[in-house]
Amino acid sequence: MDIGSVIGLVVASALIILGMGSYVTAFVDFPSMLIVLGGTMGAILVFFPLESLLGLGGIVKNVFFTQNQSTSNVIAAIIDFAGRARREGILSLQNVANETDDEFLVKGINLVVDGIEESVIEQIMTNEIDFVEERHRTGAEMLASMGALSPAFGMIGTLIGLVIMLQNLQDTSAIGPSMAIALITTFYGALLANLIFIPFSGKLKARSQQEVLVRRLTLEGILAIAAGNNPRVVEQKLNSYLAPKLRGSLTG
Amino acid sequence: MDIGSVIGLVVASALIILGMGSYVTAFVDFPSMLIVLGGTMGAILVFFPLESLLGLGGIVKNVFFTQNQSTSNVIAAIIDFAGRARREGILSLQNVANETDDEFLVKGINLVVDGIEESVIEQIMTNEIDFVEERHRTGAEMLASMGALSPAFGMIGTLIGLVIMLQNLQDTSAIGPSMAIALITTFYGALLANLIFIPFSGKLKARSQQEVLVRRLTLEGILAIAAGNNPRVVEQKLNSYLAPKLRGSLTG
Amino acid sequence: MDIGSVIGLVVASALIILGMGSYVTAFVDFPSMLIVLGGTMGAILVFFPLESLLGLGGIVKNVFFTQNQSTSNVIAAIIDFAGRARREGILSLQNVANETDDEFLVKGINLVVDGIEESVIEQIMTNEIDFVEERHRTGAEMLASMGALSPAFGMIGTLIGLVIMLQNLQDTSAIGPSMAIALITTFYGALLANLIFIPFSGKLKARSQQEVLVRRLTLEGILAIAAGNNPRVVEQKLNSYLAPKLRGSLTG
Amino acid sequence: MDIGSVIGLVVASALIILGMGSYVTAFVDFPSMLIVLGGTMGAILVFFPLESLLGLGGIVKNVFFTQNQSTSNVIAAIIDFAGRARREGILSLQNVANETDDEFLVKGINLVVDGIEESVIEQIMTNEIDFVEERHRTGAEMLASMGALSPAFGMIGTLIGLVIMLQNLQDTSAIGPSMAIALITTFYGALLANLIFIPFSGKLKARSQQEVLVRRLTLEGILAIAAGNNPRVVEQKLNSYLAPKLRGSLTG
Amino acid sequence: MDIGSVIGLVVASALIILGMGSYVTAFVDFPSMLIVLGGTMGAILVFFPLESLLGLGGIVKNVFFTQNQSTSNVIAAIIDFAGRARREGILSLQNVANETDDEFLVKGINLVVDGIEESVIEQIMTNEIDFVEERHRTGAEMLASMGALSPAFGMIGTLIGLVIMLQNLQDTSAIGPSMAIALITTFYGALLANLIFIPFSGKLKARSQQEVLVRRLTLEGILAIAAGNNPRVVEQKLNSYLAPKLRGSLTG
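Chains as they are written, first to last, in this note's numbering: chain A, 1 to 252; chain B, 1 to 252; chain C, 1 to 252; chain D, 1 to 252; chain E, 1 to 252.
What the hints contain is simulated information worked out from the structure, not anything from laboratory work. Keep in mind it's a predicted model, so treat the numbers as computed, not measured. There may be inaccurate statements among the hints.
Identical chains share a label here; the pair holds if one copy fits it or two copies do between them.
What the hints assert, rightly or not - Dumping the calculated DSSO-like pairs for lysine-lysine here, alpha-carbon to alpha-carbon at most 30 Å:
#, residue 1, residue 2
1, K61, K237
2, K107, K205
3, K107, K61
4, K107, K237
Please model the complete structure; the sequences and the hints are all you need to start from.
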């Protein structure tokens, strides 16, 4: 679970509820929610192909719940494999899948063990990376579009509320509450966009960049193993992907 | 028919009408509709060349009603043709048009059968792809411009309504309904932009990308056939265009 | 004359005047017009060099009144010239200016007849195309800036009206009409931007692209003639610039 | 002095003051000016390094008061120098500084006279051009940022005025004037942005492009002189930088 | 300490407080601050990875408090080192760290003294520069996002205040103060964005560019020393990074 997101959502919600004080129930209005959320979702269904939308849940879940592989661990594993391949031969990596749960790394090592040509390995795994990137990019775009649509439907809801209120001006005691309800859709739209959709889109982009970096590094390592590189050379190559303070001798 | 768009439009409209409750008739105002739609359309006529606008209907219809060729079917067909060309010669593909309704593929195969040089085939068909892309891009731009213009004409309509209302302030009982009508054009403008024009523009872009991808893949397959490539090589080349989970052995 | 623009302006204006109904005179206020138009023009004089602004009228007129050369006619003329040059020699093109009113084409043919080196012809005519492109681009930018400035000066006018009105609140019967006049500048600014400036900028861009395409094609044809290419080869080269449905054998 | 800017500022100001009529004094409020201008300037001090800001005045002055070198004059001077260098040798250009007040040209000619290597001349003078470009770009960015900040501080001032007014609702006769003063900061912010900051930024960009073009052309001329090119060749090279209607034989 | 930022913040704050006059206490509302700041911070926690956010404080502090190395000093030091390396050999630079507190320069010189290959030095130090750039870029993006989020949460706070106020319209004497408090969150959001977040983001970008320029120049100098270049050549190379008026003979 992504701790930052949880803390952020809890803190912001708590302070907003605090600001509402004893009027908190005045901010719960089911029909207003339906207009904002339903309108946004309806427009998104027109906006993006159904296949993309059906994949959105999975992407968001993956991004917020899956721990990214730690860059240093991946580098350590690859250097270890490179050493073994050198000492005991490529075939000694056959059972590598038992030692790591990094599917992308396992797939790459298996291609090396199977004796697939380097250029083909590169093509296959680069395609894989591109597809992940594209899927994440579409996901971030969908969330950003929701962040643009929800305030618009919030305003549409407020316009509906205002028009209804203006038909009933004779009952002056009802003007205040009617207008309050009209404003609530704008409130929902702004809150959804600025606390959920836009920040989610941002984090998805950051996580995707991080994941793609790890995969690029993994691919470079696998190609170095396939080329029979010395583990020290492999380490030098991969270390350039690490932030300076994380670098250190992993081969010892 | 594009199911997602239908569901999206129905859901959003239903929830918005639900939100209007018994006041739904207060939101139907023909002159307001004329100002928003007419103003937007008038401005679009000034904005884009007439030829482009006349083509918009067709593009939108194609995009929402035509089923895109399934990528796997196109690949399967090309691999099949590649196999036949190898076994029975290029000329055996002469009647291929009877087996597929994919005009672009048929046109390409015919060029191969006619013995046109590979580089010429590539140029002709790339031009074709570029023209489709350009036409779709213009279409998406027109829809996006409508999405920017309709809220503006909604606001223009509201300003007209407000100015008229302000001339009649003495009749206080009329203020409410007059103002309600003034707001309706803003409501129309916002709804048209956020439920129709902007999402349509988005889907047009996504469909176009998908169609262009299929055509690029088709072109690569046709060039491989013209070059007399082995069906397995053709398959390998084309599979890199498929999402990983869709890949599989199509040659068997 | 550009029919689409005329229809668009007439339709939009008619519907907007229809929406004003019997209050149409309430929307004519000369001082408000002066603030919006004068403010926008004043700011544009600060914004762009005087030389560019003085050329704007001509650019706009050219774009909306000059019929672009039809692409097919230009191609047909070039193929015809290529054929004559082959049969009767380059010098036979000397009087070509009598047969076409396309100045750019005439200029190019004259350069060929004068025996100027191909690379020099290319440089001279490419520069010419670049200058046209640059002039159109500046024109489109000026119109787009007017589209951004006029709503701003509309709001500035409304602020002026509101401040004046707020000084006179004691005369309650004047509040309505004063506020109405205050809003009219916003109305003017929005209408000018969304019906005139922004759409004009858009059409200027589209026409410019079309004109530049025709000139690129003309240049390629002239270079082919200078190189003594076979008319059929010239046709093949130029046809790739045509939309598929417009292609056909022009040499016969 | 840049005539267009003066006319633009005078016309726009006159029409706006005309629109204020007899209420013109109601629009002069010193504290409001302090909030908008002071806030904008304060934020700009945080935004940009002090060195850049201190240079802004000079850049703006240069751009609006210095007459750009006329392109044709510069070309004529270079062709003249090229002719003299050919007839009387490079050293004859030693006293060229007496004949032109174009510092950049003089500097270049001096480098040629000093016998500096061509590639070094090119590097030195290209660096010079880059620094001018960079300084102008930063200037245009600063003005554009002021154009974004001043409406924001206008709104901040209005919020301050509204909050103060809302504390004093009991004195109903003061509401109008208080609110009028509150709106004045928004008026100042919008006027500064749309009549001064944004248009100044635009003109700075246009002048900078023009100046850089003249310097590029000057550099090319100087390199041609250093290479001992024939004056006619120099003319041909430089003429391609001129708009077609300005071209003509300068060597005669 | 960055003097410009201090002056800017003091001046803007002073003028704004001046504008508030005797009502300054009316603008201090702790719950409103909590909603705007807490909401913005909560959303930022969802928006960016925790690691990036934890580094933000350090980046901001570094940028506003660390004096950038003066470009001329760095160049003078490098030319001095280049001279010594020539006269007394590379190893004479071993104790260079005692003479300068520029860590990046020291690190580079040490790599040269250690006899590391030039291409490896370049790779290591370029990576270092890239990581600094990336960290600053992320920092500037975070501040810019806060500048977009804080006005949004200001508006959300105002909507909360309005909804609460509208529930209590019967107590007319409370309407003014309630509405005043509702507006204060919008005031906070606008002030934070336009005086703090957006300008800080701008200065971070400018400082980062300056720092990266100094490091690029340092790297070029170190590579020249490693290559055993003559100090005069080193000076020529590095001077091209200086603004013209700062150039001068540093070797003498």
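(Q) For K61 and K237, with the copy left unspecified, which applies at a CA distance of at most 30 Å: within, between, both, or neither? (A) For K61 and K237, the Cα distance exceeds 30 Å both inside one copy (33 Å) and across copies (33 Å).
Q: Go through the copies and call it for K107 and K237: within, between, both or neither, with a Cα cutoff of 30 Å.
A: For K107 and K237, the Cα distance is within 30 Å both inside one copy (21 Å) and across copies (20 Å).
Q | 30 Å Cα threshold - placement of K61 relative to K107 | A | Classified as within: same-chain Cα gap 23 Å, cross-chain 43 Å, threshold 30 Å.
(Q) At most 30 Å between CA atoms: does that hold for K107 and K205 within a copy, between copies, both, or neither? (A) This pair counts as within: shortest intra-copy Cα distance 25 Å, inter-copy 34 Å.
Taken one by one, the earlier hints fail for this structure only at number 1.
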